[in-house]
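Student: Single-letter residue listing:
There are 2 protein chains.
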Amino acid sequence: MGSQMKNTDYQAIAAEKKAQQCDKIPQDWRIPADKFYHSAAASVMDVPLACGLLSETEARITSDYDATALLGELKAGVWSAEQVVVAFCKRAAIAQQLTNCLTEIFFDEAIARAKKLDQEYGAKLSLSRGGKPLPPLFGLPISLKDCFQVRGHDTSTGVCCFVGEPAAEHSALAALLVDLGAVLYCKTNVPQSMMTGDSDNNVFGRTLNPRNRLLTAGGSTGGEGALLALRGSILGVGTDIAGSIRIPALCNGIYGFRPSVGLVPHSGVRDLGPSGTDGVHSSAGPMATSLRDCGLFLKAVMGADAWRYDSAAVAVPWVDNVQQQQQRQPGGRKLRIGVALTDGVFTPSPPVRRGLKQAVDLLRGDSSVEVIPINLPDVELISQDLISYVTLSGSDHYYEQFARTGEPPIPSLQAGGLLSVPGTTLQVYFELNARRAAAAKKYLALFRDNDLDAILMPPAAHTALPLDLWTKATYTGLWNYLDYPAVVMPVDRVRPDVDVADDVSNAKFGPDDEQLYSLYTGPEQYEDAPVSVQLVGYRHRDEALVKVAAALDSIINKKGI
Amino acid sequence: MGSQMKNTDYQAIAAEKKAQQCDKIPQDWRIPADKFYHSAAASVMDVPLACGLLSETEARITSDYDATALLGELKAGVWSAEQVVVAFCKRAAIAQQLTNCLTEIFFDEAIARAKKLDQEYGAKLSLSRGGKPLPPLFGLPISLKDCFQVRGHDTSTGVCCFVGEPAAEHSALAALLVDLGAVLYCKTNVPQSMMTGDSDNNVFGRTLNPRNRLLTAGGSTGGEGALLALRGSILGVGTDIAGSIRIPALCNGIYGFRPSVGLVPHSGVRDLGPSGTDGVHSSAGPMATSLRDCGLFLKAVMGADAWRYDSAAVAVPWVDNVQQQQQRQPGGRKLRIGVALTDGVFTPSPPVRRGLKQAVDLLRGDSSVEVIPINLPDVELISQDLISYVTLSGSDHYYEQFARTGEPPIPSLQAGGLLSVPGTTLQVYFELNARRAAAAKKYLALFRDNDLDAILMPPAAHTALPLDLWTKATYTGLWNYLDYPAVVMPVDRVRPDVDVADDVSNAKFGPDDEQLYSLYTGPEQYEDAPVSVQLVGYRHRDEALVKVAAALDSIINKKGI
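Chains as they are written, first to last, in UniProt numbering: chain A, 1 to 561; chain B, 1 to 561.
Certain hints may be false.
In silico lysine-lysine, DSS-like type, Cα no more than 30 Å apart, as pairs [said to hold, decoys possible]:
1) B/18 x B/115
2) B/441 x A/299
3) B/508 x B/357
4) B/357 x A/334
5) A/116 x A/132
6) A/132 x B/299
7) B/132 x A/299
8) B/299 x A/334
9) B/441 x A/442
10) B/442 x B/558
11) B/334 x A/299
12) A/299 x B/299
13) B/558 x B/441
14) B/357 x A/299
15) A/299 x A/116
16) B/508 x B/442
17) A/441 x B/442
Under 7 Å between C-beta atoms, here's a sample of chain A residues computed to sit facing chain B [what the hints assert, rightly or not]:
18) 429
19) 431
20) 433
21) 434
22) 518
23) 519
Keep in mind that the hints were calculated from the coordinates and are not lab data.
The beta carbon of each residue, even a glycine, is placed where N, CA and C say it ideally should be.
Just chain A, same shape as in the assembly (with noise of 0.2 Å):
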């Protein structure tokens, strides 16, 4: 593609590329017209089953594990890489076909690697039965933002004037994970810009929740939160600069984990903002249906000597057994849990606040778990200070990208209003800074005047909106601010009987929260949209984050750990 005389009009390109990537979905992955489900709202959570497309050695496979079991399986010998590689990029077209959650798609690619690690550590042989040490990830498929490069592909992230341009190198993470044995066999779909919280753009188009799509499957990691929703991913990466790894594990029911700025590697990502900008930094992190998967990756990666792959990494090992934890937990300690039920800017909708007390009612339930109410401060004044971060340099970058091959800005960019904020000067950035620190002292002082192991609070006002509507981070953009680890996780979806809207006058904080809260219309327009809460730990201290969210994760959802 890069040595042909390059196409200028977006909507050329566009259907050129949207053609090649069908192509990559073989005819006999295709599902039969009678099969799909053409109800718009309709879930479509069971038509990967459903469709006839799958053996039943296929459906099990991407139906019965998380990426730890499978792992295991895996390790064991009971599944073949192969088998393992090929199952999920058949249920990853399905995906596809049902979503439109995937942009580069190279299954053959992965199907031959698969293949190799098969033949290479012997398949389905396992450590014990002599065989050659299997490297930590070996055979695990994982789904990858499109923004991160990996070799031989576009890193288009939906903008026209990026497409046909194959990377000559895998990005940092792309090549440690295939160093720890993983397979890469698709990039999933992003908002054009990669800055609002529905994934759209002039190349892909639109991703679509798969619980239901007349809502949001969100962004800027939309494509993997719906890919993994319908498990067409079994592990998937995104980046969050302001909750984009948490929004669409939010609009889909799934678990994403922002880890603190670079303790996952970063460098090789594509950012449509100016080299060099500075101030917040987008993180990568794991989006996944467990939350221990979400601790496999953590704990894979920052075992891994990432900075090897990365200059820009921040090299927080992980370490089993936490000297400082057993300090601070000695036997009888219970977890000291902050639980915000608002950010003070935004109320929570009727449904966010009935998750959220579910938790916390379970939570303070439990012998292990001690509650302590706490007020988020200054949200307001740091949601805007974020704003003037991540617009350090104003839009003109992202007008003149759009501008190469003429085509316009998406919906959810226009209504976002990132688009008319102007640049800065290095004496506002220097400000800026100044704010940030004051605000950092005084978030360190919430945490450790009450010892705190975690804050939970709602990863939003709302759940996943109709579209084109997510305008507001404030729930999520915080903890980028001050680069807290953040995880979401699923607790409950919204329910006919008792999510019934409120008046709006419930909505104490303003017109902008009376707006935004008077998007709840009631159970029927937000049909099946999960609820889920966020668990926040304290700067790079992501490994006791994992852990203490294991522990609350095991009480609110009933799982083991």
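Starting from the structure of chain A, add chain B where the hints point.
Tutor: Then chain B, alone, in the frame of chain A:
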């Protein structure tokens, strides 16, 4: 002091402050006139023991140990905290009279605290004798560079307008060290602005080099360097943004470790730059008389939940058995040490060349080490960019602070040229960041592709220089720019028989190089100047560097680890 009407004449302020400082030294701790050596150039290294002020016990306590050994004696109850603290206060008072190395003196407070520690934990009662568990740094006196806030004392950093403003709170590190059981007893001198290699200012005057008072004691942590060389301190803390720990370590023949930024808490350190400035940050780190004392300090701080004290901390834990290290160094693997003979900008002077060669020869002769010759790329450009980073806002903020009391810039500040660098723009700042990201990739490749454990190189092109001539910091600043940990270790001193000056034509890197090279006039002017090497590790792998440095130090300096 704070409540009085402030004086605005710098000379009056300084005179009053110096008089107050002088009063803090008890009459019977003053060196008798006949014991004071008057030759300006001569070493005063033997005066502390020769002057007759120290009792035999005080002489032993302050002479016979490094911090690690002394701490062992304190914990075993061989010496009480009071005995140790009194001894170091007295010897610090002597060092002050010889070299003018102190700023704030609070011996009374320190002795009172030591008594309290003895009472609380049982004087001379070891843990094994059933006492209360001892804190990690029980009773150990630690001196701090003047810029660290200590409650109740000024943080003037030698700038007249800040005199008479006692700190309301401890800096993060002071608070942490006190919580660990250490005893703070004095702060140490710095250059006006803390941006030169000569610790001279209009409040306290100049710190002299105890080995040769016609040579600089270095800066900006020069007071600490002189104090440690005279054993008026056993463990000190400096800060380093271009070499400010390592330069005085080199000048005074002690060990100085610049950690990766944020591993040691830096909040509550006076910074003369504008609030919120960014790009290259100062790092706090230990200065000591042994390599293992640097490790003692780092282990204590990194193992102490430093994040609880400082919202800007980078929470890399100290891990005694780093899994990765075990993986990377199986039985037979040699330590791989890259050796850079120059930085490609300034040619090392004859004693510096000899010192490095001597060290490298010892390493080559050791079966556990493999020496790999390397070149350091782009140091000249990096060095220019570092200056741009540390002067992002130009020099107005310095002049404004000096102007408040009418004080003139010190000679080394005028010579260094930092006061005539203009400020820059956000755009140029981003360009600096982009260039640095590219350099970081290049240096990562150097480390990774050569499979290096560390880089050995000179800490400067020269030894301690005559006063006010230290204007270049390319050898040290490189690692601030890249944020790699680096430690300076003494290996020898200038020797009259071998370190003869040679022709300036040996300086091959241009006129600036020739000019600097010509400063070495031969061993007479540089009598007793320490010769040191610098060992550099990879970013955030400070613990690994401590261990590699210990191994090399034991080979080069024939000491046990």
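Student: Does residue 442 of chain B pair with residue 558 of chain B here, judged by a C-alpha cut-off of 30 Å?
Tutor: Distance ~34 Å between residue 442 of chain B and residue 558 of chain B Cα, so the pair is violated.
Student: Straight-line Cα separation of residue 508 of chain B and residue 442 of chain B no greater than 30 Å?
Tutor: holds (24 Å)
Student: Does residue 299 of chain A lie within 30 Å of residue 334 of chain B when you go C-alpha to C-alpha?
Tutor: holds (28 Å)
Student: Does residue 519 of chain A hold up as a contact with chain B if the rule is Cβ-Cβ below 7 Å?
Tutor: Residue 519 of chain A check fails; min Cβ-Cβ to chain B is 35 Å, beyond 7 Å.
Student: Taking only the CA atoms, is the gap from residue 132 of chain A to residue 299 of chain B under or equal to 30 Å?
Tutor: violated (37 Å)
Student: Holds or violated: residue 18 of chain B with residue 115 of chain B, Cα cutoff 30 Å?
Tutor: The given pair, whose Cα atoms are some 28 Å apart, holds under the 30 Å limit.
Student: Using Cβ atoms only, decide whether residue 518 of chain A comes closer than 7 Å to chain B, and label the hint accordingly.
Tutor: Hint on residue 518 of chain A: violated, closest Cβ of chain B at ~37 Å, above 7 Å.
Student: Measure nothing beyond the straight line between the CA atoms of residue 558 of chain B and residue 441 of chain B; if it is 30 Å or shorter, mark the hint as holding.
Tutor: Distance ~36 Å between residue 558 of chain B and residue 441 of chain B Cα, so the pair is violated.
Student: Can the hint on residue 429 of chain A be confirmed by a CB-to-CB distance to chain B that is less than 7 Å?
Tutor: This hint holds: residue 429 of chain A lies near chain B, its Cβ roughly 6 Å from the closest one there, short of 7 Å.
Student: Run the distance test for residue 441 of chain A versus residue 442 of chain B: straight-line Cα separation, threshold 30 Å.
Tutor: Since the Cα atoms of residue 441 of chain A and residue 442 of chain B sit roughly 35 Å apart, the hinted pair is violated (cutoff 30 Å).
Student: Would the hint linking residue 132 of chain B and residue 299 of chain A be met if the CA-CA limit is 30 Å?
Tutor: Roughly 37 Å separates the two Cα atoms, so the pair is violated.
Student: Mind checking the alpha carbons of residue 299 of chain A and residue 299 of chain B for me, to see if they're no more than 30 Å apart?
Tutor: Given that 30 Å is the threshold and the Cα spacing comes to 23 Å, the pair holds.
Hint check: violations occur at hints 4, 6, 7, 9, 10, 13, 14, 17, 22, 23; the rest are consistent with the structure.
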